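Protein chains in written order, with the numbering used here: chain A, 1 to 997; chain B, 1001 to 1419; chain C, 2001 to 2097.
Since the hints were made in silico from the structure, they are not lab data. Incorrect hints may appear among the rest.
[Unchecked claim] In silico DSBU-like cross-links for lysine-lysine, where the CA-CA straight-line distance does not exceed 35 Å: (1) A:Lys957 <-> B:Lys1098; (2) B:Lys1151 <-> A:Lys607; (3) A:Lys118 <-> B:Lys1154; (4) B:Lys1026 <-> A:Lys518; (5) B:Lys1098 <-> B:Lys1021; (6) A:Lys138 <-> B:Lys1154; (7) B:Lys1021 <-> A:Lys576.
All figures in this text were calculated on a predicted structure; none of them were measured in a lab.
Residues per chain, in single letters:
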Amino acid sequence: MSPRRTETGGRIDRLRTIRFTFDGARYTGHAGDTLASALLANGVTLFGRSFKYHRPRGLLAAGVEEPNALVTVLRGEVREPNIPATMVEIYDGLVAVSQNRSPSLAWDIGALNQLGGKLLSAGFYYKTFMGPVIGPLKGTRFWMFCEHFIRRAAGLGRAGTAPDTSRYERMNAFCDVLVVGSGPAGLMAAKAAADQGARVILAELEAKFGGSANWSGETIDGASAADWAARIVGQLEGNDNVRLLPRTTVWGYYDGNTLAALERVTDHKEVPAKGEPRQRYWAIRAKTVVLATGSFERPLVFPGNDRPGVMLAHAAERYANEYGVLPGERIALFTNNDSAYRSAVTLKKAGAAVVAIVDVRSDVSNEMSRLASQAEAELLAGHAVVATEGGKAQTGLNVRRFELMSGALSGDERSIHADCLLMSGGWSPTIHLASQAGARAIWNPARQAFLPPQPTQRWIGAGAFTGSFSTAEAIAEGRAAGIQAAGGSASSAPLPVVEAVPGEPDPAPVFEIKAKGKSFVDFQHDVTAEDVRLAHREGFVSVEHLKRYTTLGMATDQGKNSNVPGLAIMAEALGKPIPEVGTTRFRPPYTAVSIGSLAAERFGDLKPDRLTPMHDWHIDNGATMFAAGLWYRPMIYGLAGETVEQAYVREAAATRESAGIVDVSTLGKIAVQGPDAAEFLDRVYTNMFSTLTVGKARYGLMLREDGLAFDDGTTWRLGEQDFLMTTTTANAGKVMQHLEYFLDVIWPELKVTVTSVTDEWAGAAIGGPKARAILAACVKGTAVDNAALPFMGIVHGEIAGVPVMICRLSFSGEMAFEVYSGAGYGMRVWEALIEAGKPFGLVAYGLEALGTMRIEKGHVTGAEIDGRTTARDLHLDWMLSKKKPFIGSAMMDREGLIAPDRLELVGLIALDNRALDGGGHIVEELDAENPHDSIGHITACCYSPALGKYIALALVKGGKGRHGTRAFVSDPLRNRFGPVEIVSNHFYDPDGSRMHG
Amino acid sequence: MAEYSAFSLLKNALNGNQDWKPAWRKPDPKASYDVIVIGGGGHGLSTAYYLAKEHGITNVAVLEKGWLGSGNVGRNTTAVRSNYLLPQNTRFYEHSMKLWENLSHDLNYNVMFSQRGCLNLAHTPAQLDDYARRGNAMRHLGVDAELMSVKEIKRLVPALDVSGSARFPILGGLMQPRAGTARHDAVAWGYARGADRRGVDIIENCEVTGFLRDGDRITGVTTTRGDIRAKKVALAVAGSTGQVMQLAGISHMPIESHVLQAFVSESLKPIIGTVLTFGMGHFYISQSDKGGLVYGGDLDGYNSYAQRGSLPVVDEVMSEMLALFPGLARVRMLRSWGGLCDMTMDGSPIITTGPLPGMYLNCGWCYGGFKATPASGWCFAWTIAKDEPHEFNAPFTLDRFYRGLIIDDKGQGATPRLH
Amino acid sequence: MLITCPYCGPRDVIEFTYQGDGNRERPQPASQDLDAWNAYVYDRLNPAGDHNEIWQHSGGCRAHLRVVRNTLTHEILSTAFARGGHKSAGHKAGGHQ
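Chain A with its partners taken away, still in its complex shape (with noise of 0.2 Å):
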């Protein structure tokens, strides 16, 4: 038997043992039990170690707001950091490690920063560590070499490198009714719901259903509480609308009713089911939400409040009611409410001494006299704790007399004999996810509380979240909400009958007890009274301020804990009441969530790949392939032992003698057809397309409104009313939104609708001197001579079957087409050219070679229309029509688009025949070690096969005028200098003479 475990009740399976290990350690629970209820059953005290100071630390509560006892589990190598201990369910294999701590849990050589007392007090780090103004430490030398060693100090656990194998999964919900929380409120109000036939998700974070009904000891309806709630879920699972979700944190409110939560659905199990995921990510859309959420017990500030065996009240009672463990065999309680009266009789009941009720009010009702007999407890009201005693375990405590009004002390201590010191300051309503929907809480001054503000969403409160304590409050609250959320009248039917232990909800406004020691407000971060008053008296006194300054509220349990009491000693400090200090606003997630989680399907594949009809083909083919956006295009087909550059200057030049051939399915494709679309395009390129006549191309280039250059492409006639535009690789989706905006917002009249058809057409350019040649070979239907297919014709034919349309235009300056086929006939044609090319040695080429031949030909692509460039600095002019209006045409003149000193597009040549690199800058005077006066920039480069020569096109200031001149790269980031000669970006055959044929 483990020391700590009673001899009975708790809702834990005692007939399972479970068998793990912590910090190394074999232990054994029970199936049911928490990682901190099962080492607590073993006599474990100590947890975990605080983040600044390392002091020892045990348990301080029973849920999620568990600040101290974090642990990493492990599965394998793959680590999760920072859980509390009190939401790993155990299973058998459970390895759970303690963190923050060297070299052991109970040793810690960290704690050594105790010594450093006041002088590590908030604010320490502001004030120091600037280190000396001259010396080889001046600027931020010192503060960092300082910095080295802190972060190493700070942090909690250690996240892995190992790649998480575990699988996460999305769901989108839809509801009438969502339901968090499944005390009895949730419970009340989720049942309501369900019976209206409202369609109803009931969300909750533990593993059981129930809440404070699985360890309040209350009776409904004749049977114990957790009996009555296993009944109402009994019942919801048979409704078909109710979907029922245990270990599901509801962690965001967002805009719309959408609330984001994290479903945990194989945590808790040594091997997940086939199929199941690890963690569930819930995006729910609910008509109505029911809050239903419940409170916090707030602990209370005195010194030694954070030596294990301090632990909350009602945690206590948890372990004792739910799992079956007592916290310590001598218990004595601190309280400023009725709450823990309850509390005291619970554990008594469970088998524990009650040796003490410490009560800051002198006026304790009889009711709670009379539980403090029943607990064979001392009452000592009007009396606070001032001490406790004990290294890693408690071992007692000291009590004075204390005056409520004036909180000074007086009397002697008298020290109590406890291992256990159970406190309640209160309780705070659960109001983050409100807070969250956008509005400020209220202070209720009875409650000492913040109250959920007025609904600015659609949701209802029930329960312990309004401020109704009492389980006879929250059921019929929650039954109520349950009814309003699902659209239905008030019901008169009566309510289930609670036995509950009598208390009134207020506590006294007691916070913190004044005496001599470190007395915390946030345990984690070791924030302590002292901290906030430091923050006052140096002026940090918003509460933001004393946030940031002290980091009070910014650890785990962000402020769950420690949010209420560090304001009310702030204010008092200020001598003002709370709400005029204020509370911040709780923004999401409620409690900390997984980034797998959220990833989810994405984890692993964070965009989709789009494929070209001939992928397969590239692949199998010894493409390189390389990813162009969302695309994956052929870099090279490289051949066994070729360098990159080999490859592409073999496509090239192959290209140029015979014929290549490369996948163009990626350009961007849209439909342009109706009445206007002649006109439309008018207005939306450059140059004109109204004069373009049936079955012929043309080349166009558009603006933005702003007037820079926006794309290009060539668009075909292919009927008087039907365009097919096509568009950069990168630019097709914006070009088709530019498109649809014109058309939707600002020229609605026009009777033009367009449609982007990218997906549709697979294309394969084929170019060369035997293009021609390999085409007549394989088209049927059409003739493909000058007459028949001029430069920028159209024609329409057949290829291996399939029809295709065939355009003549060039964009590597050799005779050239461009062959469409449906996308799902792309492979077919494709290979049909490829076979039929074979006599003539066409060569299939990749992006590279593309490029290089583009270059060659000193045409633009996105590195120069980069969207600071305009129509003239690329020497586009030429295409800028004077005769209409266009998108862009008013703006394009501005003062600053049309200075001399702009980019212009030129040519380099590299004379000292070394390769360039694109992003090289271009100097005038060459100055390696201090590179200065950069007159612009290498967009693209390449070795020409044509030319023989490494050649680039570069955006250079002034450019026109410098052609002819001699300039310098200078490239500092890959050490390559040399001298160019600047010359137009045309450099090979610049009177179109070999794609005129």
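For this one, chain A is given, so just place chains B and C on it according to the hints.
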């Protein structure tokens, strides 16, 4: 002796920390000042500090509607860098960097500026060329920049997935070694204290409700704490620029206010030692001294003053994070928040005289405002004191948009959400 | 945020692309009034409150919508097709969307 030092800490500790003075006074507003700075955020406070320190103008009030530093100076991801493409930006941010490097000494306040570097990851050859262009541009202006190989990157950040099988494999990166992070709140407090000790009145909970005018000229402000006159009124109100300009009768500005979310994880032992950005989306991350991973992504993408983010952006940011760090799936996001970003039409800021006589305008920080804090205040103070811009902020005029003198580092045009 | 597309019904904000201030008037295409063009391209109303905006249902029917939305609360007050230029009339989205 400096007010703050290891020695003063020790002396005060021995005294129970009872003798520390408020970091700044809480004065009532006077009837008039030489200069009123509207906005007690980082930029407003640094403006006041440099007005006093560099120009001897100490009869200054900083008016803050809420608590000091409640805007973006306390809501950002703390990165400090000067790795811009365009020279106008690089020169300005490099001036800022130089001020950062001595800021803790200058303020006698440890702002914890840690030059742990900023690494932009590249995932395609074209992107690597873009970064080379940017890095070389920086080098030609005397700013530090280096290209890093995959191997070097792996050594620097072992938790990164540098495998070729990643959806967007890492091909290299651009590193600015002098970039880093600073403790954001400390910057506001340090400037506030520095300005206060030089005589500047910092007035919290004082909301400007209107402007006092003499014809076109601005002669002061009306506030929730009474009218205050001033020879010069300077605006440094970031996301609220549109609102405050409206009080001056200017309804339209080349600015949209957007919400940007940021996230912090639970505290972890050191795992990421530098500032890191992802190249195939919008994601940046660093680790704070406390151990929290501090990270963020794109704007939510619509006008907002709610300081509240939307869920799809959360999912997107986390997905991008795991694309880089598949080992961090079990790390937990602890807190998220939203900041207001005053997005301009070219992604670059505005620091200028005008647009009304007696008015000075500092705004348009998009989401680069934190790192600009020192230079922004320094240049704004210069502009206010001398009634003309310093050469560092001369390009950042309000009329540059209309004249086509746009400074568009990303090349996105007049679509603020894309900058 | 849920936006009610008059064509598709209520849809999550993730399906939409923001196209900004819906109060802007584009000058006539042939207009040479540079001030008017500058105002159209660069100047925005940026209210803290109800805002008349253009959104595209880019992940749905791709229609552009004129949406009146509160920038302080994110409440959607109305949505209508942008086509036809009825600036304020439109489909009532109803309640707190």
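Comparing the hints with the structure gives:
no. : hint                    : result
1   : A:Lys957 <-> B:Lys1098  : 29 Å, holds
2   : B:Lys1151 <-> A:Lys607  : 25 Å, holds
3   : A:Lys118 <-> B:Lys1154  : 41 Å, violated
4   : B:Lys1026 <-> A:Lys518  : 30 Å, holds
5   : B:Lys1098 <-> B:Lys1021 : 30 Å, holds
6   : A:Lys138 <-> B:Lys1154  : 30 Å, holds
7   : B:Lys1021 <-> A:Lys576  : 20 Å, holds
Of the numbered hints stated above, the single one contradicted by the structure is hint 3.
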